[in-house]
Amino acid sequence: MKQFTSVHDVSDPFQLVQEALALKAQPHAHTDLGRNKTVILVFFNPSLRTRLSTELAAKNLGCNVMTLNVADGWKLEFADGTVMNAGTAEHIREAAGVMSQYADILAVRSFPGLEDKEKDYADQIMRAFMEHATVPVVSLESAIRHPLQSLADWVTIEEYKRRKRPKVVLSWAPHPRALPQAVSNSFLEWMQQAPVDLVLTHPKGYELDPSFVGDTPVIYDQEEAFADAEFIYTKNWSAVYPYGQKPEVEKDWQITEAKMALTNKAFFMHCLPVRRNVVVSDGVIESPKSLVLPQAGNRLYAAQAVLKSLLENV
Amino acid sequence: MKQFTSVHDVSDPFQLVQEALALKAQPHAHTDLGRNKTVILVFFNPSLRTRLSTELAAKNLGCNVMTLNVADGWKLEFADGTVMNAGTAEHIREAAGVMSQYADILAVRSFPGLEDKEKDYADQIMRAFMEHATVPVVSLESAIRHPLQSLADWVTIEEYKRRKRPKVVLSWAPHPRALPQAVSNSFLEWMQQAPVDLVLTHPKGYELDPSFVGDTPVIYDQEEAFADAEFIYTKNWSAVYPYGQKPEVEKDWQITEAKMALTNKAFFMHCLPVRRNVVVSDGVIESPKSLVLPQAGNRLYAAQAVLKSLLENV
Amino acid sequence: MKQFTSVHDVSDPFQLVQEALALKAQPHAHTDLGRNKTVILVFFNPSLRTRLSTELAAKNLGCNVMTLNVADGWKLEFADGTVMNAGTAEHIREAAGVMSQYADILAVRSFPGLEDKEKDYADQIMRAFMEHATVPVVSLESAIRHPLQSLADWVTIEEYKRRKRPKVVLSWAPHPRALPQAVSNSFLEWMQQAPVDLVLTHPKGYELDPSFVGDTPVIYDQEEAFADAEFIYTKNWSAVYPYGQKPEVEKDWQITEAKMALTNKAFFMHCLPVRRNVVVSDGVIESPKSLVLPQAGNRLYAAQAVLKSLLENV
Numbered sequence: 001m002k003q004f005t006s007v008h009d010v011s012d013p014f015q016l017v018q019e020a021l022a023l024k025a026q027p028h029a030h031t032d033l034g035r036n037k038t039v040i041l042v043f044f045n046p047s048l049r050t051r052l053s054t055e056l057a058a059k060n061l062g063c064n065v066m067t068l069n070v071a072d073g074w075k076l077e078f079a080d081g082t083v084m085n086a087g088t089a090e091h092i093r094e095a096a097g098v099m100s101q102y103a104d105i106l107a108v109r110s111f112p113g114l115e116d117k118e119k120d121y122a123d124q125i126m127r128a129f130m131e132h133a134t135v136p137v138v139s140l141e142s143a144i145r146h147p148l149q150s151l152a153d154w155v156t157i158e159e160y161k162r163r164k165r166p167k168v169v170l171s172w173a174p175h176p177r178a179l180p181q182a183v184s185n186s187f188l189e190w191m192q193q194a195p196v197d198l199v200l201t202h203p204k205g206y207e208l209d210p211s212f213v214g215d216t217p218v219i220y221d222q223e224e225a226f227a228d229a230e231f232i233y234t235k236n237w238s239a240v241y242p243y244g245q246k247p248e249v250e251k252d253w254q255i256t257e258a259k260m261a262l263t264n265k266a267f268f269m270h271c272l273p274v275r276r277n278v279v280v281s282d283g284v285i286e287s288p289k290s291l292v293l294p295q296a297g298n299r300l301y302a303a304q305a306v307l308k309s310l311l312e313n314v
Numbered sequence: 001m002k003q004f005t006s007v008h009d010v011s012d013p014f015q016l017v018q019e020a021l022a023l024k025a026q027p028h029a030h031t032d033l034g035r036n037k038t039v040i041l042v043f044f045n046p047s048l049r050t051r052l053s054t055e056l057a058a059k060n061l062g063c064n065v066m067t068l069n070v071a072d073g074w075k076l077e078f079a080d081g082t083v084m085n086a087g088t089a090e091h092i093r094e095a096a097g098v099m100s101q102y103a104d105i106l107a108v109r110s111f112p113g114l115e116d117k118e119k120d121y122a123d124q125i126m127r128a129f130m131e132h133a134t135v136p137v138v139s140l141e142s143a144i145r146h147p148l149q150s151l152a153d154w155v156t157i158e159e160y161k162r163r164k165r166p167k168v169v170l171s172w173a174p175h176p177r178a179l180p181q182a183v184s185n186s187f188l189e190w191m192q193q194a195p196v197d198l199v200l201t202h203p204k205g206y207e208l209d210p211s212f213v214g215d216t217p218v219i220y221d222q223e224e225a226f227a228d229a230e231f232i233y234t235k236n237w238s239a240v241y242p243y244g245q246k247p248e249v250e251k252d253w254q255i256t257e258a259k260m261a262l263t264n265k266a267f268f269m270h271c272l273p274v275r276r277n278v279v280v281s282d283g284v285i286e287s288p289k290s291l292v293l294p295q296a297g298n299r300l301y302a303a304q305a306v307l308k309s310l311l312e313n314v
Numbered sequence: 001m002k003q004f005t006s007v008h009d010v011s012d013p014f015q016l017v018q019e020a021l022a023l024k025a026q027p028h029a030h031t032d033l034g035r036n037k038t039v040i041l042v043f044f045n046p047s048l049r050t051r052l053s054t055e056l057a058a059k060n061l062g063c064n065v066m067t068l069n070v071a072d073g074w075k076l077e078f079a080d081g082t083v084m085n086a087g088t089a090e091h092i093r094e095a096a097g098v099m100s101q102y103a104d105i106l107a108v109r110s111f112p113g114l115e116d117k118e119k120d121y122a123d124q125i126m127r128a129f130m131e132h133a134t135v136p137v138v139s140l141e142s143a144i145r146h147p148l149q150s151l152a153d154w155v156t157i158e159e160y161k162r163r164k165r166p167k168v169v170l171s172w173a174p175h176p177r178a179l180p181q182a183v184s185n186s187f188l189e190w191m192q193q194a195p196v197d198l199v200l201t202h203p204k205g206y207e208l209d210p211s212f213v214g215d216t217p218v219i220y221d222q223e224e225a226f227a228d229a230e231f232i233y234t235k236n237w238s239a240v241y242p243y244g245q246k247p248e249v250e251k252d253w254q255i256t257e258a259k260m261a262l263t264n265k266a267f268f269m270h271c272l273p274v275r276r277n278v279v280v281s282d283g284v285i286e287s288p289k290s291l292v293l294p295q296a297g298n299r300l301y302a303a304q305a306v307l308k309s310l311l312e313n314v
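Residue numbers (this note's numbering), protein chains in the order written: chain A, 1 to 314; chain B, 1 to 314; chain C, 1 to 314.
Wrong hints could be hidden among the right ones.
Because identical chains share one entry, a pair is satisfied inside a single copy or across any pair of copies.
Quick list of in silico lysine-lysine cross-link-like pairs, PhoX-like style, CA-CA up to 25 Å [unchecked claim]:
(1) Lys37 with Lys24
(2) Lys75 with Lys246
(3) Lys204 with Lys75
(4) Lys251 with Lys161
(5) Lys119 with Lys265
(6) Lys289 with Lys204
(7) Lys24 with Lys119
(8) Lys37 with Lys289
(9) Lys75 with Lys37
(10) Lys161 with Lys75
(11) Lys161 with Lys2
Bear in mind the hints are in silico, worked out from the structure with no lab data behind them.
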């Protein structure tokens, strides 16, 4: 593995899931691998879970970690040929080139603006780091993907599944704000490679980008989709068409005990943070079927598996 | 010790003071204790001394440390049953549950609003972490207590006292802003367990909460209180009734050389930061009797003693 | 070496350059030197390169590092005798005294206001730390100097020079904002001790402070200055007289391919961040003669040489 920005960077995703599970069993078995190696985490948006789990993953492997929050302070130029006499103070070519000299791995979090689909789906910040960094780049979530989350999700499904090929439903749920499609996009492209029967359910108007949906069946009736499900993976996202909007939805798409009762004793999954009693009822998230904490816990081992794989090639 | 949020969590405070002094003599004698252990520090308010001393204490014990400043970025919900469709984005149940998976010890700083006494004295943030974290919680100052400061203060008194049972005076002093009562509350409850004769002095209108004052004698005449004192511990606080206000004070309560001359060659103590020539005169804080720097230095060993004790039980 | 705030703190600068080159060859040869030692980095202004390179330098030597960004949160008082009843919350005497107890080396970045020359050139923040800290102080850039940058620059020149005594030109270049003189001041005082022929070129009105220019020849015609040059070191600065202003400049002082063609195949140097096509053309900065990335890379070894030298005396 030369970088980790989507499932397409991983030659054998299932093997990576197994690696994460092995690290969960023995998180400190490789504390020498990262000796004198440095991971720099760059956050263009603040982060809690991703920062803590990735920092700890790097430390568990014996790496140095340096974390940079650049929310406001660092105005990067991404366009080539610009006369930089306005707001931007440094070109990504220099920024990535400099940081590559201080790091063995560069991990980056960016975020969509949710105003211009073409611009967001070009994934400019992540692609610029991929192009100009001279060390492996790890996505800590980009404008359109969140592969570390999806890997952790797969690890969790692998741990909790009751049969070889469970039915997994990705269900839209309501939210007061317009959110990115990154988690859902990534979940689809990872699950399409997993030994599961994947179904996507959401209200009309919330169709995801076809390049991520692929052949995954879409069922617009949430209750129908839940039949026989063994995992309900829930996430809000804003519309792709018209981009970033929140079209009205007639029914209540919140995940409730009544809806969970339609499934085959399904587990409930969500990447967190989650709005209780909007996305999911207290009853569901606090039930023994709720996997939200194990999922977050597995973020650590997902990150550690990725960093380990990259360090072995550095 | 299972957590460290007040003196009531400590079965033998004097023993903890002795532990801190032992660590001061040999700060690097236990660098293996924290190997592969992680301390997460969460600051809901910015911090200088507390952050540096606690980070270093953890590192002296060989721990990983991850520090999170969440001043603005992280809107937590503390109430149960809320429909979270407004400002809060994550429930403390998930937040504490997630961080507990990345940490062996969770240390938290919060702060009072100074507008609603009942709310502040319920100490909501600290109590929520105590309830929902699954690892030991350390208070880095809460709305109503600052136990690491008080432990460092006791260590300092232990180092400098000239006889077995010195007279210690906690004296209010002026300040341009309305400040919390946390340091003073904690100092009272720790000193009430220490081998000292404790006296509290402040202007009328600045009575502290009776649950912290207990049997400690209150003398409203600062000069009378200072007679025979061997330690003058100074701190401003805003009124408890009416809560968070700053009632007018007739006399000047600043700690001056003239007032220190009334004592029994007392040492001057303050937790810092301190407003010079408002709280205390330059002459007093720069005199050989000033212990403000040793106090701050002892913050390190107080934190290290607490973390060591918790790590031994993890 | 007892501190590192200017070239005047270094008894043998050339020896320090050699030390940096030795560390570049073997960056991890001294990982025990900093065991149980702590470096605190205090940034009164945000930083990318300086923070990352200095943190990593300290870690390469086995030190603990704690980084404090105090841009807004920490209002320090520098004047003695002040009645601190207004905006400042802590006196530098306490602040430096406290941090000195948690650190073996204190590294500080400050910045000029560019409004009052006398005040900026008094270098108040750096001098206050030098006076009140009880551990060695390292400048991470002050109001008037940036010695770690200059040391890295010298290291780079040493690596790339083609003969014993190359001609080095420090050239002003345009910039949309008013910038400090710190990098240029420091470059002059370091190069004046280096085995180079140093020339300074800038438009009339941009004369640097005589105490830094010394005997260095000034040529107002940029093209004339470039003749035979082997290194073009470029930097914008605002005027010293009238202080912090940006007087109009008639010609275009941008570094272009045409101007580089006037030199003796000179290398291009800049400390970064740089405004492309304002300070320097894309063609120059992307040419094989551009040393901007090696310079930034050498920041690591410059910092490491300085910390190593200080740690050997701690």
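Index of numbered hints that the structure contradicts, given in increasing order: Hints 3, 4, 5, 6, 7, 8, 9, 10 and 11 contradicted; others consistent.
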